[in-house]
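S.K.: Please put together the full structure from these sequences, using the hints given.
Take the sequence shown: its position 321, counting from 1, is numbered 321 in my numbering, and each next residue is one higher.
For the record, the hints were derived by calculation from the structure and aren't laboratory data. Every value quoted in this text rests on a predicted model; they were computed, and no experiment measured them. Errors might be hidden in some of the hints.
[Unchecked claim] EDC-like mimics (lysine to aspartate or glutamate), calculated; alpha carbons at most 20 Å apart, straight line:
(1) 264 <-> 307
(2) 220 <-> 350
(3) 152 <-> 206
(4) 334 <-> 379
(5) 207 <-> 155
(6) 220 <-> 137
(7) 217 <-> 141
(8) 465 <-> 480
(9) 366 <-> 350
[To be verified] Pair ranges (Cβ atoms, derived):
(10) 517 <-> 395: 41 to 49 Å
(11) 379 <-> 213: 24 to 32 Å
(12) 479 <-> 260: 33 to 41 Å
(13) 265 <-> 206: 16 to 24 Å
(14) 58 <-> 78: 32 to 40 Å
(15) 262 <-> 516: 28 to 36 Å
(16) 144 <-> 392: 48 to 56 Å
(17) 136 <-> 355: 57 to 65 Å
Where is the CB? At the ideal position from N, CA and C, for every residue including glycine.
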Amino acid sequence: MGIDHPSISRFLGEMKQAQKLQDHSYEQCIAGHPAPKKRKKYEVAVKTSWLECKCKIVSGSCVFGIGDLENMLTRPELIAHKFYFTWSQPPISASTMQFDLEHTTTKAKHASKALFMSSYRKTDVSTTLFAEMLQAEQQQEYWEQKVVSLGKTVDLIPGFRQAVPNCHNSVSGETFQVQGCQALKVWQNYNALLNAQMFRCAALKEKLTFFDRPLSKEEKEYPLAYGMLVYDNAMQIYLLLSAIYQPQNAYCIAVDAKSSDQFKADMDLLADCFPNIFVMQISQVEWYTYSVVRGVWNCLKYLSQLDHPWKYYQYLSGVDLPLKTNLEMVRIFKQLNGTVNTDIRSIPLDRIQRVVNKSSPLKLYKSSLSALLSRESIDGMTQSQKVRDLLIFAQQLDCPDEALWATILGNPEEEQQRLPRRCGYQEKANWIRNVTVEEPFALRSFYISRYQVWVFTPNTRCHGKYTHFSCVYGILDLSELIARPELVAHKFYLSVEPACYFCIYHLVRQRALDGERQRLFKARYIPSCLTCK
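M.R.: Structure representation (structure tokens):
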């Protein structure tokens with residue numbers, strides 16, 4: 001069995017350079033030692049005739065010397081026999097202890113595993129196997145580094161550690177609600193150091209722990225796309241992006257023209273620092289008007305035309321926060337299998353009063369602007385003449401952004417749209433029974449894109465406060481939020497009980513770095529009948 005892999009070769013070269021002990025070096029020992037004669041070989045799963053005793057045979061067994069060190073560090077066995085401290089060569093046992101014969105050295109450990117597996121299979125050493133083992137170890141080390149970095153990010157928030165000593169305990173029931181609740185409700189000292197203007201690229205990436213490589217091979221091979229329409233509060237945008245950012249994904253941020261010059265500069269910094277974040281300036285946005293649709297659609301077209309293999313798109317508001325890690329989202333999207341996910345309801349009559357006597361190119365429905373859309377459906381929308389006609393018609397509607405996805409996706413009989421067909425949607429909220437599986441989240445509704453509590457939503461509570469009829473979450477909403485099946489939650493204000501925001505931010509980001517927990521997440525709570533092509 002020969003070893004022919006650059007990583008192993010580099011490792012062995014490093015060992016030769018490192019093993020100079022006292023007055024003896026590896027090279028000196030080898031140079032002064034006579035050429036070995038044929039000695040008794042080791043016997044493992046296969047004969048390893050390339051292993052020889054480089055020192056001395058005593059009672060038919062090799063007493064290892066410094067010349068044997070190179071081979072010993074790549075052996076699969078648990079112990080080595082035998083060493084004599086009285087032998088005239090350098091103290092090989094001390095050498096092997098110093099250079100981690102116990103296989104704590106990463107490269108030696110994986111070289112040993114590769115040798116063992118190849119011996120067991122009676123094949124040559126698999127350099128691919130070695131590379132995979134080494135990559136897994138390096139990935140674990142990266143996760144551990146980012147856990148430390150994330151802790152430093154949380155430490156930037158003055159008073160957070162004292163106010164919320166353990167977010168995990170904060171999620172668990174009555175104990176949390178009794179202890180420290182009032183202190184958390186009034187704690188708002190969140191921005192003494194988190195000043196967006198102090199950041200430049202290196203500081204931004206370091207202080208907010210942006211991931212600079214995919215957290216797994218699965219995520220690398222399944223990139224996502226995000227669109228955002230933003231106006232103010234750069235720090236909250238930075239925090240949101242740090243929670244959802246990975247370098248294989250694609251991001252488009254549309255900035256309202258009426259934003260301050262400083263905010264525009266803060267957003268431009270993102271485009272300067274990250275090659276996969278595109279920032280566009282759009283015309284002035286007025287909520288409840290078509291200008292919202294224009295901003296969202298401009299980003300959608302950009303992402304559709306982008307030469308990038310992203311698989312799924314979702315729209316985020318600047319006051320959203322993810323409830324799922326990137327890998328969890330990837331597995332949920334795989335379960336959706338190219339289908340779309342949006343809520344579809346009857347459109348209120350007051351939204352269409354100005355067009356009541358006009359014919360819409362498509363039957364109108366109402367939905368949230370937050371939806372999960374496959375690449376195929378996005379490409380179909382942006383190329384559809386019917387959709388272009390709808391966009392022109394929507395300029396006359398009140399709050400047209402809430403008619404966008406539902407109207408496009410609620411008319412699948414329009415073949416030229418090339419969109420997934422409707423699958424059992426009801427015009428009113430289509431609640432389905434919980435799916436009992438071994439998953440951490442219970443499905444509450446077919447709509448999983450965004451969790452939002454309205455003042456008129458039945459069987460829900462808001463422990464923060466309502467603004468514009470929608471809940472701004474408070475600290476007592478934490479246990480409900482962290483158990484929700486939806487991908488994101490809307491909405492959070494850093495001026496309203498920000499401990500809730502930062503606890504979720506910290507918990508979800510920590511979960512992303514827990515490799516074992518992420519491995520166990522299968523997204524089986526998403527039933528195959530949720531949506532259909």
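S.K.: Tell me, which hint numbers fail for this structure?
M.R.: When the structure is compared with the hints, numbers 1, 2, 14, 15 turn out to be violated.
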